[in-house]
Structures are given as structure tokens and as C-alpha cells.
Amino acid sequence: MPATDVHQHLWPEPLLALLAARDETPRLRRGGDGWRLELAGEAAAAFDTRAHDPAARADVAAGDGIDRVLVAPSSPLGIESLPVAEAQPLLDAFHAGVLELGGPFMPWGSLALAAAEPAAVDALLDLGAAGLCLPGAALTSPARLDAIGPVLERLAQRRAPLFVHPGPAPAGDSALPAWWPPMTSYVAEMQAAWLAWAEWGRPAHPTLKVVWAMLAGCAPLQAERLAARGGPAGAVHDAHAWFDVSSYGPHAVDAMLRVVGVDRLVLGSDRPIADPPALASLGPAVRHAVSKANPARLFDAQP
Amino acid sequence: MPNRDLDQGELEQLVQDLAAQPERWRHLVQHRPDERTYAELHRDEHVAIWLICWMDDHDTGYHDHDLSAGAVAVTAGAVREERLVLGGAPAARTANAGEAFTFGPADIHRVSHVGGEPAVTIHAYSPPLWRMGQYSISPSGVLRRRAVSYADELRPLD
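Protein chains in written order, with this note's numbering: chain A, 1 to 303; chain B, 304 to 461.
Hints were generated in silico from the structure; no laboratory data involved.
By construction, the Cβ of each residue, glycine as well, lies at the ideal position given by its N, Cα and C atoms.
Do not rely on the hints blindly, as some may be mistaken.
Which stretches of chain A does chain B cover? Using the computed rule of at least three CB atoms under 8 angstroms from a CB of chain B, they are [stated by the list, open to error]:
no., stretch
1, 97-106
2, 278-287
Here are a few chain A residues that sit away from chain B, every Cβ distance over 12 angstroms (derived from the structure) [what the hints assert, rightly or not]:
no., residue
3, ASP33
4, ARG50
5, LEU127
6, PRO142
7, ARG144
8, ALA160
9, PRO170
10, HIS237
The shape of chain A in the complex, shown without the other chains (with noise of 0.2 angstroms):
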């Protein structure tokens, strides 16, 4: 039963090369201090391309007793929102050079929301992705997830996952600190989704495997608010439902487990812009059932 951590990011190569010879953003540019990552709605931030050394992070793998690294597009770039023929060869670069590392890495797919189609989702997945990757944002009302509609009813044909993961901040003041698009449009977009997912997502998709990054910016936890205000509080106990742990900690894992179950949780870390959550204080078993019991059920089990 392999170690998963179902949450990284790494650049490959040529990516990056694809990145830094961009005009617009999302880009890279060299300045006098080294690279430096330019988003429309962030601030420039300094890109340390060691970060996404494949060597370096197989150790780093290694030394989190990982066995298994599944990578997903930096969905906050916002390269899947680009005009097709400015997203696909990125993400094209993203998906071969994923593959190409091999083991312990695998990509999770990601498409041009553009040209979102089935046909897309077989390419993905028979290319080798591990399931697909969508930004919450594609989910948050009953027009976006009837236009991405096809595409989840083919990955549930396929009987394989979707990930999904902040998007792109909209566009605000530079002077703003970098956590503060993670702490505020990023959660509101995963709780937007998860709400989205909860009322239309589920009953037009009853087995589509979902998997959220950020424990869905801890959503679950406003159930008993959703109740209250007659929403689809049922919806916390989704078997087809699996929350990553990446960027919370032993409180919030915690809570969760409470409210969802520890059936529920899987360990995502997304690395490198965090770190693993320590969650030694919970137990073993926790650890065990986060790292493998979990996603073995998730990746592995047979139908």
C-alpha cells in the first residue's frame, strides 16, 4: 500500500522555459535578485526554481516517507482560464514533463477550460494522469457545472478522480501580503465550490470521485450553519468525497475528522509552498489511513 501525497507542485523544465518566455502573465522574469513570479492578481514574488529540482524533491519525497507524488497544475497561475492556443502548450509542458520524471511523480491532468470536452479527459488520462484538475472556480454555479458537465461525467465513466484547486485571485492591491489571496479568495472559492458541488455537482454526478485541496477551505465545518439556513448539510457525509489536508494542522485535521471522518481525509502537502502538516498528535492510525488506507481507496480500489 504506497505512501500518496495527493497535493504537490513542481515545474518541470520545460515549463518554465515556456513560462519565462511569456509576455503577459502568468510569467516568469530574471531580475537582479534572481527569477520573480508575475500573476495578475498577486503580487510579484521571487521564484526559487530550486524549489522544483526533480532530484531534490524525489529526496524530499523520500524523507517524508512518501511513496507516491501526484502533481497538479498551479491552477492559481490561471493558465486553464488562457485562450486555448496560449494554455495548451503549457499545459501540454506541464503534462510531459510530469510524465517523464516518473516515478515517484504523476501528473494530475489539466485542460484549456476553453475547449473543455470528453475527448479531453481520455487524451488525460491515457496520456497517465492520475485523475483531472479543475479550479473551484469552475464549479461555483449551476451554469459553470453544466458546462464542464460532459467533461465530469467522463471522468466518472472512467471511474477517475477530480481534484480540484484554487484558481487564480482576482486581480487586487499589490501592496497586499502574499498570504492574503490564500486566506481570502482561495478559501472563499473552495467553500463556494464544495456549496456548488453539495446543491447541483453531486445529484448530476452520484460517483464522480472528488477530491478537494485545502479540506475544501474547511467547508464541512459550516454544516451545522448550513442546516440552519436549509442548505444540503448531508452533504458532509459524502462517501465519494476525500479532503486534503494540505496547509491546515492538527486543529483543523481535527475538526474534520470530527465532522467528515477519518474515511474522509487524505495527506496532500502541497509542496513546496508548504509544508506537511505535523500530524503526529492524532496518532498512527491517522497517519496510516491519511497516507495509504485512504488513498488506496481512493486510487486503487477495483470497481
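Got chain A sorted already, so can you dock chain B onto it with the hints?
Same frame as chain A, but now just chain B:
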């Protein structure tokens, strides 16, 4: 089921009703000599229900259920429940197929397979288990409690 936490009598009725409907859980019965096996049958805001399969030597050790009450129905084989007694032999009883027992949040007990035929039990906890206490007794008789997640009770390691 009522939209509130259940008391011990209601939990006993619940597990006995489920025990009488083997078509709802028979396909999940799986015995392994090295560990108990578990399957979650139901979970909602107020109650969580598991099927547990036991073989020789399987033993939970002394534990409590923190905030939860519970009930256990035996559908095959037999299990022994022991309540911890300071300075004396534990208060023990055996539950055979067709029987059930209950416990409250304040109770400290251990459950073990009695040997022979593999056992199958149905457990309901209300509110759903969250944290638990595991007890150990040192050679000098000092009783210690360690707080653990419910996963330590229901999710065995490799």
C-alpha cells in the same frame, strides 16, 4: 432515526435491527487472522455504525469513548466485554450471537474475541466517535490514560 443523538436503549435497538438484516452487511464480512477488519455502514451527524469482524486473540485493550455512547450486537461467534475494576478481577460478560450490550461515555471497557468461531459484530456510536482514551496499567499498578483519535480504535495499521 430522530434528528438528535441517541441514548443507549435506542442504540441497542438500532444495532439489533441491523443485525436482523444481514443483506445490508453480509457482503462486507471479511476475517483476517492478523487484525480485526472494519467497514463503516452508516455515518451522519448523530450516529456512526460499523461492522467489525473478529478472530482469535483480537482484543481492543481497555479504552473509553470520550463523548460517545455505544451499543454492540453480535451476529456470529461471541465476544467478551470486560469492565476495568481497580484492585480486583474485571467485571466480565460474554455476548453470543443474537445478544447485544451497551456502554456510556463514562464506561471503561475492553472487548475481545472469545475464540473458536470468528465473530461478527455491529457497533453504533452516538455522537459518532471522535477521540478516545486508551488505558495502560504499569507493573506497579499505576493507571494511565492516553488520548487518541478514534482511528486508533477502528483503523488498524498494516
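In rising order, the numbers of the hints this structure does not comply with: Hints 1 and 10 not satisfied by this model.
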